[in-house]
Amino acid sequence: MASIEFKQVVKRYGDSPPTVPGLDLHIRDGELMVLVGPSGCGKSTTLRMIAGLESVTSGELWIGDRLANQLPPKDRDVAMVFQNYALYPHMTVFENLAFGLRVRRQPQSLIKSRVEMAAESLGLGDLLARKPGQLSGGQCQRVALGRAMVRDPQVFLFDEPLSNLDAELRVQMRGNIGRLHRELATTSVYVTHDQVEAMTLGSRIAILNGGELMQVGTPMALYGDPDNVFVAGFMGAPPMNIVTVQNRGSGLKNSLVDLQRDGVEGLAGELLLGLRPEKLCHAAAAPAHWPRIRAAIEMVETLGAEMLVHLSVGGVQGDERMIARLPGLQLLTPGDSLELAFDPDAVYLFDAASHRRIRESRPVAVAEPC
Amino acid sequence: MRRILGDICSWRFAFLLFASAIVIYPLLWVVSLAFSGQQSLQLVVDPPDAGFWGQLAALVPLPEQWSLDNFRAVLTEQLFMRWLFNSLVVALSTTIVGLSLSCTAAYAFSRFSFPGRERGLMLFLISQMFPAVLMLIPLYVIVVQWLGLGNSWLGLVLVYSITALPFCVWMLKGYFDTLPYEIEESALLEGASRLQIFYRIILPLARPAIAVTGLFSFMTAWNEFILASIFMDDESRYTVPVGLRFFVSDYASDWGFFAAGSVLVSIPVILLFLALQRFLVSGLSAGAVKG
Numbered sequence: 001m002a003s004i005e006f007k008q009v010v011k012r013y014g015d016s017p018p019t020v021p022g023l024d025l026h027i028r029d030g031e032l033m034v035l036v037g038p039s040g041c042g043k044s045t046t047l048r049m050i051a052g053l054e055s056v057t058s059g060e061l062w063i064g065d066r067l068a069n070q071l072p073p074k075d076r077d078v079a080m081v082f083q084n085y086a087l088y089p090h091m092t093v094f095e096n097l098a099f100g101l102r103v104r105r106q107p108q109s110l111i112k113s114r115v116e117m118a119a120e121s122l123g124l125g126d127l128l129a130r131k132p133g134q135l136s137g138g139q140c141q142r143v144a145l146g147r148a149m150v151r152d153p154q155v156f157l158f159d160e161p162l163s164n165l166d167a168e169l170r171v172q173m174r175g176n177i178g179r180l181h182r183e184l185a186t187t188s189v190y191v192t193h194d195q196v197e198a199m200t201l202g203s204r205i206a207i208l209n210g211g212e213l214m215q216v217g218t219p220m221a222l223y224g225d226p227d228n229v230f231v232a233g234f235m236g237a238p239p240m241n242i243v244t245v246q247n248r249g250s251g252l253k254n255s256l257v258d259l260q261r262d263g264v265e266g267l268a269g270e271l272l273l274g275l276r277p278e279k280l281c282h283a284a285a286a287p288a289h290w291p292r293i294r295a296a297i298e299m300v301e302t303l304g305a306e307m308l309v310h311l312s313v314g315g316v317q318g319d320e321r322m323i324a325r326l327p328g329l330q331l332l333t334p335g336d337s338l339e340l341a342f343d344p345d346a347v348y349l350f351d352a353a354s355h356r357r358i359r360e361s362r363p364v365a366v367a368e369p370c
Numbered sequence: 371m372r373r374i375l376g377d378i379c380s381w382r383f384a385f386l387l388f389a390s391a392i393v394i395y396p397l398l399w400v401v402s403l404a405f406s407g408q409q410s411l412q413l414v415v416d417p418p419d420a421g422f423w424g425q426l427a428a429l430v431p432l433p434e435q436w437s438l439d440n441f442r443a444v445l446t447e448q449l450f451m452r453w454l455f456n457s458l459v460v461a462l463s464t465t466i467v468g469l470s471l472s473c474t475a476a477y478a479f480s481r482f483s484f485p486g487r488e489r490g491l492m493l494f495l496i497s498q499m500f501p502a503v504l505m506l507i508p509l510y511v512i513v514v515q516w517l518g519l520g521n522s523w524l525g526l527v528l529v530y531s532i533t534a535l536p537f538c539v540w541m542l543k544g545y546f547d548t549l550p551y552e553i554e555e556s557a558l559l560e561g562a563s564r565l566q567i568f569y570r571i572i573l574p575l576a577r578p579a580i581a582v583t584g585l586f587s588f589m590t591a592w593n594e595f596i597l598a599s600i601f602m603d604d605e606s607r608y609t610v611p612v613g614l615r616f617f618v619s620d621y622a623s624d625w626g627f628f629a630a631g632s633v634l635v636s637i638p639v640i641l642l643f644l645a646l647q648r649f650l651v652s653g654l655s656a657g658a659v660k661g
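Protein chains in written order, with the working numbering: chain A, 1 to 370; chain B, 371 to 661.
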């Protein structure tokens, strides 16, 4: 096992602006670090730099105690699971699993025992004689996992390994990967654009945007204590409601929200207010001192146990919108008016210009139910 | 049933029948001539007062009597077996040399980025735009006068391999492009060298394209006449197409031997086609659609 360290790593293709403009990131020994971000944010490029499939333009990349900038992929002792499985179609499952050990000229007995162990662990025992073309998507991905496992590498790399699977299989494979990581405790780097995968799998999550590292932390730290608007919007589904409010010194106000607030006197005239959808609740059930929101229901997404209610305020400034996550089994009709309330302590404030978090003296009420 | 009958009576069927007849008739004529046991082009000797049906019957390519004499004579009394052997050596060597060169070149063009890559590919394409006859004189000068490889198998193999190279490289490159690059990246990470990846992963996966390209190389060398007739002086070094010419010349008109030889020459190609049949469809459409 090994830790991975990026020190001011830059990746640039030709004369174009850098894909990764200067990454500083430390991945601890034995942890599962999830790199997450929208398409084109540089997460796959970062992963491929660890694998040695992309060169490092400048900076230092350390794997364990070795500077890996010039190290060829085969000498990095890393194994990678690809999005499209990348199995060898002309080889059987056994040959696929054994390939890495065979090219490294390992003894036959070792190859056999390692392959059988991996196959048993992943439930591939009956499929060893089949070729990838005869397997389902989930089975192929398990073979790809097994192929990475048999070599017992220092680092596992996962490049969106579940993207090609259907929803049910994705949950199942997510469980498999999590279990494997707990059992093997091998340093792993996992790339995904799916924040649910990131939240459920990651020991820590690194959020990237436009090649820049937005924030690193445990899933709950990122969810409960985001550094900026991007992280606040990226973590959580549906994302955090962000609305522009005017700072009147004694409180914050827009067409949707009117919030009395101490300690905002010295801040800018325009701020961004963040509120998680689950922190909005029916006004009738809320304490009297909680601020109220009255808005028109624009759309209702019924999810069974809960529903997502899209709200908007008409009038001149009719561009403020919010989503509320409310208990299900209610009859809400688009066009009707709805009064909701929110806990003033569950509010996040961001600078409207820099989009950075303005940390107030009071803690944000993350855990308290609505 | 009615639909099938309708199809048979349609003008389309008639047209296809006519087109097929145009293709098959000369072949039937050659086969009949080969089995007729005679050297004359006329399979049926008409009486001088033959009527319409008699003349029509003379057009039907069926010999008056069937005989294997032409084959026996070609195989025993002539140098045909020697020529066949020469052709086989030249064609097989061309296939092996051509495939070795084109597989490696196509892989490099498909996977590596190097100066001159685009221009090299374009040059290959441009070389295919000129008629092959245009190269006769320079090739003769280079191969026979400079390299001294006239009248040798090696000279022919070199020329055939190299002239077929552009087509083979383009064909194989198109196929290699469709193979997912992640497979190679995965193998790289597993510790395989570029050469191991090429031999153990890429070549087995590219079998359909290699089969078609190999067949093309083999047929190019097997059927080629002009270059072989210029480079080869010694009768014992002739390839089959060159040898066949001497059955029908200013001094001889052994059409029967010529036809028997032609039938014999076709057999290896037919066998190759049958053996590689399952690869042909997938190989020919290779590169057309991204897999």
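Simulated from the structure, these hints should not be mistaken for laboratory data. Quick reminder that beta carbons are idealized off the backbone N, C-alpha and C, glycines included. Just to be clear, a hint being listed does not mean it is correct.
[Unchecked claim] Taking beta-carbon pairs under 8 Å as the criterion, some of the chain A residues facing chain B (in silico):
#1 55
#2 88
#3 237
#4 260
[Claimed, not checked] If the Cβ cut is set under 7 Å, some of the chain B residues that face chain A in the computed set are:
#5 438
#6 439
#7 549
#8 555
#9 556
#10 560
#11 561
#12 565
#13 566
#14 571
#15 575
#16 578
#17 581
Evaluation of the provided hints:
no.: 1; hint: 55; in the structure: 13 Å, violated
no.: 2; hint: 88; in the structure: 6 Å, holds
no.: 3; hint: 237; in the structure: 29 Å, violated
no.: 4; hint: 260; in the structure: 57 Å, violated
no.: 5; hint: 438; in the structure: 45 Å, violated
no.: 6; hint: 439; in the structure: 50 Å, violated
no.: 7; hint: 549; in the structure: 9 Å, violated
no.: 8; hint: 555; in the structure: 5 Å, holds
no.: 9; hint: 556; in the structure: 4 Å, holds
no.: 10; hint: 560; in the structure: 3 Å, holds
no.: 11; hint: 561; in the structure: 4 Å, holds
no.: 12; hint: 565; in the structure: 11 Å, violated
no.: 13; hint: 566; in the structure: 6 Å, holds
no.: 14; hint: 571; in the structure: 6 Å, holds
no.: 15; hint: 575; in the structure: 6 Å, holds
no.: 16; hint: 578; in the structure: 12 Å, violated
no.: 17; hint: 581; in the structure: 14 Å, violated
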